[in-house]
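Hey, can you work out the whole structure from these sequences and the hints?
Here are the chains, one letter per residue:
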Amino acid sequence: MTRVRVVGVGNPEAGDDAVGLLAVRSARADLEALGAEVVETGAGLHVVDLLSGAAAVVVVDAVRAPRGGRAPGTIVRAEAGPEGLPAEVGSSLSSHGFGVAEAVGLAAALDDAPRVVFVGVEVADVTAGHGLSPAVASVLPELAARVVTEARLLSAT
Amino acid sequence: MTHRQVDVPVIARVEGEGALHITAKDGEILDLRLEIYEPPRYFEAFLQGRHFSEVPDIVPRICGICPVAYQMSAVHGLEELFGVQVSEGTHDLRRLLYCGEWIESHILHIFLLAVPDFLGMHSAIEMAKDHPELVKKVLDIKRIGNDIMEVVGGREIHPVSPRVGGFSRAARKRELDPLLPRLEWALEQMPGIADFVASLPSPSLPRDVELVSMVHPSEFPMNEGSMASTRGKRWEFSEYEAVTQELHVEHSNALHSLMTDTQTPYHTGPLARVNLNADLLTPVAKDCMARAGLTIPEGDPFFSMAARIAESTLAIEEAIRIIRGYVPPEPSMAEVVPRAGRAMWVTEAPRGSLYHRYDVAEDGTILEAKIVPPTSQNLRHMEEDLRMFLPGVLDRPDEELTRLCEMVVRNYDPCISCATHFLSLDLQRV
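Each protein sequence line maps, in turn, to chains U and D.
Each residue of the first sequence is one higher than the one before, counting from 1 in the numbering used here.
Each residue of the second sequence is one higher than the one before, counting from 1001 in the numbering used here.
Calculated from the structure, these hints are not laboratory results.
Every residue, glycine too, gets a C-beta built ideally from N, C-alpha and C.
Treat the hints loosely; a few may be bogus.
Beta-carbon label-pair distances, calculated as ranges [what the hints assert, rightly or not]:
| # | chain 1 | residue 1 | chain 2 | residue 2 | range |
| --- | --- | --- | --- | --- | --- |
| 1 | D | Arg1050 | U | Arg77 | 32 to 42 Å |
| 2 | U | Leu153 | D | Pro1331 | 40 to 50 Å |
| 3 | D | Arg1234 | U | Asp111 | 48 to 58 Å |
| 4 | U | Glu79 | D | Asp1398 | 26 to 36 Å |
| 5 | U | Thr2 | D | Asp1130 | 29 to 39 Å |
| 6 | U | Thr149 | D | Ser1202 | 47 to 57 Å |
| 7 | U | Ala29 | D | Arg1050 | 24 to 34 Å |
Negatives, chain D to chain U, calculated, CB over 12 Å [what the hints assert, rightly or not]:
| # | residue |
| --- | --- |
| 8 | Pro1328 |
| 9 | Ala1340 |
| 10 | Val1393 |
Spelled out as structure tokens, the structure:
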């Protein structure tokens, strides 16, 4: 079994939605040095498969607060409980109605969840063809460092 | 007098953002608009000026759920234009890849999105608490579909090995063989799963419809064939833009499709495919379709879930057959020399017929691209379904009405399924 898996979720062609992918990409060398397995995936629904076979999983994705009001670029961290991720994390812009939050909730409902740490970034713009918005681009280095820290903590436990 | 206005605004991922607005008065629908914003328009522009060899890497990014469909419509169309003949092994491997996508997409849709609706539950998470063994089982089946796509297409965000001319790297027999016992196990589960689906209480919407899909003389259509409708029409891929017509509608960024001759909407997708290709279903798929309660002909969109059961089973049976007889294509790529002209092709995405057209210059540069996805073809039909279905249920409480709207839209497994999942119902009474 893998000890720590780090999953970056996103669409590389859709503005801030790429942020999860970009974060794990830039942290890949550090993460692999820690012995973590690094996976990039294009759709939240694949996360349900990526939660098995690991003791702990860090999921990095773009999010949107449930009723807005969170500044773009805000980094959100949450740990999954028996009911999955807390609702205030917001929708991880899930594809086809089944995203990271649903995947984690489903694994929790089946008593099949590893320890899951979710690191999200509030998005500004997810338009197809756009790059990262300035607000999100400016937190990318901090986000990547945060992901490495989370993976290090999970590796040590 | 009751005047209800139901607004279903939504936030969705890149597959599309959409909303459903309904205004009703005295049980009559005054206004109904399904709004959707789809990404292919951007990708059509993005493809202009690219070399044809880049197309298989660009188009799968349009949809996280059906990347294979986008690749397959593109590579087959370009190969036909360039006069490329691919080997039998390449044909098989592409069909296997598509089987993986059908298994994953259909099982996901049936159990994680549709069945909770039919059970009156809020989500698959709620369902997992009541039916944990079933949910574990279907997740294992879904994972087989995903693993087929990884072994054949490459372990990346999108499949990377499909090329115009074949595969950059063809899967080896020993990579595919470990999938066999898992597929055989999955096939054994399908009749019981079909029985479960048949046991679900379902609304009905009997209506006279025109169903459209590919047809093929000898195999259930995925990558090759021609077009047909249940009204007896037959046409080639090259006639697609003449036989069907895209209509710009003010309330939607997506275009709505109509049959050109009758100016009426049509329905593409699994229900259309099994209606037009019932004889080509594999043995267990036929049995599972009957168990799920679907008899052909059937136009009621609420039978789409039973059609997905039949097709998931078919995809499992076909994957088993292909892997057992698989001989890797050697070489894995045919030689490709571009030529100027127009490429037009359709393949069957999990959610329906996906048309691509490319105008190509002599050196292989894409001059213009056109993509007609199944969701936009079905949009007008979905609106009609809602108009017909809603008057009978308008007296239901808000929450139930919302759920019923979701179910009607979800029959089509649109790329806006997400759109109807995070509902925040805004109801106004005057």
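Comparing the hints with the structure gives:
Under the hint 32 to 42 Å, the C-beta atoms of Arg1050(D) and Arg77(U), about 39 Å apart, fit the expected range. A beta carbon spacing of about 49 Å between Leu153(U) and Pro1331(D) agrees with the range 40 to 50 Å that was offered as a hint. Evaluation of the 48 to 58 Å hint for Arg1234(D) and Asp111(U) yields a pass: the beta carbon distance comes to about 53 Å. Between Glu79(U) and Asp1398(D) the Cβ separation comes to about 34 Å, which falls inside the hinted range of 26 to 36 Å.
One distance hint, 29 to 39 Å for the beta-carbon pair Thr2(U) and Asp1130(D), holds here, with the actual separation near 31 Å. One distance hint, 47 to 57 Å for the beta-carbon pair Thr149(U) and Ser1202(D), holds here, with the actual separation near 50 Å. Our hint of 24 to 34 Å for Ala29(U) and Arg1050(D) holds, since their Cβ atoms are close to 31 Å apart. Every beta carbon of chain U lies more than 12 Å from that of Pro1328(D), the smallest distance being close to 26 Å; the non-interface claim holds.
With a closest Cβ-Cβ approach of about 27 Å to chain U, Ala1340(D) is found to remain outside the 12 Å limit, as its non-interface label requires. Listed as outside the interface, Val1393(D) is consistent with that label: its C-beta sits roughly 22 Å from the nearest C-beta of chain U, beyond the 12 Å cut-off.
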